[in-house]
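For the record, the sequence lines run as chains U and X. For the first sequence, counting from 1, position 440 maps to 440 in this note's numbering; every step adds exactly one. For the second sequence, counting from 1, position 52 maps to 52 in this note's numbering; every step adds exactly one.
None of these hints come from the bench; they were simulated from the model. Keep in mind the model is a prediction, meaning the values are calculated, not measured. Virtual Cβ for every residue (Gly too), placed ideally from N, Cα, C. Don't take every hint at face value.
Claimed, not checked - Short derived list, chain U residues pointing at chain X, Cβ under 7 Å: (1) M42; (2) C111; (3) P112; (4) V343; (5) T395; (6) H397; (7) G403.
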Amino acid sequence: MKHLILGNGPTGVIAAETLRKADRHAEIMMVGSEPEPPYSRMAIPYLLEGNIDESGTYLRKADGHFESLQIDNRIGVATAVNAADKVVAFADGSTESYDKLLIATGSHPICPPIPGVDLPHVHTCWTLADARAIAARAGAGTRVVQVGAGFIGCIILEALAKRGVDLTVVELGDRMVPRMMTPKAGAMIKHWVESKGVRVVTEARVERIDASSSQTPSLLETVKGLLGHAQADAPSSVMTVTLSTGERIECDLVIVSAGVRPNIGFLDGSGIAVGLGVLTDRHMQSSVADVYAAGDVAEAPDLFSGTPMVSAIQPNAADQARIAALNMAGKSVPHGGVMAINVLDTLGLISSSFGQWEGVTGGDGVEVADPDSHRYISLQFKDDVLVGATSIGLTQHVGVLRGLIQSQVSLGDWKQALMHDPLRAMDAYLASVQKPGVLHDQTHGHAQAVC
Amino acid sequence: MLKSLYIDPEKCTGCLQCEMACSLENTGIFNPSQSRIKVFSFEDAGRKVPYTCTQCDEAWCMQACPVDAIKLDKHTGAKVVEEETCVGCKVCTISCPFGTINYVAETGKVQKCDLCGGDPACAAACPTEAITFVDANWTGLERMRTWAARANEASL
Numbered sequence: 001m002k003h004l005i006l007g008n009g010p011t012g013v014i015a016a017e018t019l020r021k022a023d024r025h026a027e028i029m030m031v032g033s034e035p036e037p038p039y040s041r042m043a044i045p046y047l048l049e050g051n052i053d054e055s056g057t058y059l060r061k062a063d064g065h066f067e068s069l070q071i072d073n074r075i076g077v078a079t080a081v082n083a084a085d086k087v088v089a090f091a092d093g094s095t096e097s098y099d100k101l102l103i104a105t106g107s108h109p110i111c112p113p114i115p116g117v118d119l120p121h122v123h124t125c126w127t128l129a130d131a132r133a134i135a136a137r138a139g140a141g142t143r144v145v146q147v148g149a150g151f152i153g154c155i156i157l158e159a160l161a162k163r164g165v166d167l168t169v170v171e172l173g174d175r176m177v178p179r180m181m182t183p184k185a186g187a188m189i190k191h192w193v194e195s196k197g198v199r200v201v202t203e204a205r206v207e208r209i210d211a212s213s214s215q216t217p218s219l220l221e222t223v224k225g226l227l228g229h230a231q232a233d234a235p236s237s238v239m240t241v242t243l244s245t246g247e248r249i250e251c252d253l254v255i256v257s258a259g260v261r262p263n264i265g266f267l268d269g270s271g272i273a274v275g276l277g278v279l280t281d282r283h284m285q286s287s288v289a290d291v292y293a294a295g296d297v298a299e300a301p302d303l304f305s306g307t308p309m310v311s312a313i314q315p316n317a318a319d320q321a322r323i324a325a326l327n328m329a330g331k332s333v334p335h336g337g338v339m340a341i342n343v344l345d346t347l348g349l350i351s352s353s354f355g356q357w358e359g360v361t362g363g364d365g366v367e368v369a370d371p372d373s374h375r376y377i378s379l380q381f382k383d384d385v386l387v388g389a390t391s392i393g394l395t396q397h398v399g400v401l402r403g404l405i406q407s408q409v410s411l412g413d414w415k416q417a418l419m420h421d422p423l424r425a426m427d428a429y430l431a432s433v434q435k436p437g438v439l440h441d442q443t444h445g446h447a448q449a450v451c
Numbered sequence: 001m002l003k004s005l006y007i008d009p010e011k012c013t014g015c016l017q018c019e020m021a022c023s024l025e026n027t028g029i030f031n032p033s034q035s036r037i038k039v040f041s042f043e044d045a046g047r048k049v050p051y052t053c054t055q056c057d058e059a060w061c062m063q064a065c066p067v068d069a070i071k072l073d074k075h076t077g078a079k080v081v082e083e084e085t086c087v088g089c090k091v092c093t094i095s096c097p098f099g100t101i102n103y104v105a106e107t108g109k110v111q112k113c114d115l116c117g118g119d120p121a122c123a124a125a126c127p128t129e130a131i132t133f134v135d136a137n138w139t140g141l142e143r144m145r146t147w148a149a150r151a152n153e154a155s156l
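So here's chain U without its partners, still in its complex pose (with noise of 0.2 Å):
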């Protein structure tokens, strides 16, 4: 049995682990299209920080760790996929063949037509050659205007910030991070964060980007001159960035940042379904047999109504990879359905949404807010069961708003308690979900409901 996985990323890696623990004596190759050992793009902003060097965003950290579990993991760049005869080519000319096919190819940023995106000083942050790029740029008092405040925009936000640039946010939306967190949500973030010092502009497009020679030189660059060192012909790395508000901000760095897409465009006549991702089933399998998709790459149904959903996060990478293997190595385990989960930490003020966290038609909700305290909570419900949450400074036992919207529990009179006290989450979940385990003893037999 071979396994062939197409990624090195969270997914490839969980998944290769995965296969192994199930089967001793499969072949499985793992092929990652960038240089360096498998690593975490969520490590790369405390990299950016300097918290950590590069080795620290490796996703296993043992020497020989890949080879002792004899998964064979190569560098290459998969351009075809032939499901009739079970053969991927590579950019390189090579061919592999496969038993079981997993694509776990991730995402890549969307780079936006925005003339002048291609400047030198234009850069995504998604990989660690950007990363290095970003941090030979960035230092004190670099200017800086980051394109788009979604989730991975905000998680480099801080370490920018740490660098000590100055900083300049363009959303188009109307607050920070619209696809993960509510209207006032947002709105709370963006001014925390603008009262740590980052400039962030709303309802914004940048229209173009210009290297500007014509520009006012900044002060170095002005004794330089006076002092005769700046070479004429010398292209100036200063940019204008334009908005569609007619402003014009002037800076030395831009990032990009305006979301990701699935890596799909070499299933192209593979006969492979594909949406916005790869389309797969609850085991992972996609339209075609033996060929498995799982994280960012895949579009797999989600947990409320089965609709194919692509949830480009961590956790879900970690879980869908571990669903795949299983199901390549022969066991039949469902998925339980894709959920949303997001967890931020912008300039010290954490933040997380759960499932529908915007609601759902014929629910209802209960939001409270305290700006004052920077906390906020939103709890949303579908008849008596918990289908979303949004949340800013809530960090002890976050982690039960997963639980009751996973578990769809009947929360009962938790509901009404809910809304009445959205903070009592952990009360509602003790009481609901861990009910037999913690609240009843049944070995005295005598099970006593808390409510």
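Mind docking chain X on chain U? Use the hints.
Same frame as chain U, but now just chain X:
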């Protein structure tokens, strides 16, 4: 033989000795807010419920960690946070459906129960045996495990 914490809320009086002991063991000071075991109080029902990590097999926190900072202690079965590796990304805190791994702003790291290396201070401190450290195969524990597993299945 693996041992696990067994919590019997019926026996809990809410004295919070476990929280004090946990805090002292792990931070060197008596500060229940730093405790990894928490006693929840249900005033209406007059019940106290100590609650902490069950060291579940699937270990959502460990699987979700992007930098391999949570390790299985093979001797105790505990999932242990390596502080020097943790970058404080908090992904584990939203992944664990039991809510038993938490971010600590003061340290910039996450913390969870590590069974104190095999001699849990909370169990030693509990005066009423509401928290005991028993063979993992004991039937009561199996029941808790079953529930943890069912919650796991529901969230697969």
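Hints and how they fare:
no.	hint	result
1	M42	4 Å, holds
2	C111	24 Å, violated
3	P112	27 Å, violated
4	V343	5 Å, holds
5	T395	5 Å, holds
6	H397	4 Å, holds
7	G403	3 Å, holds
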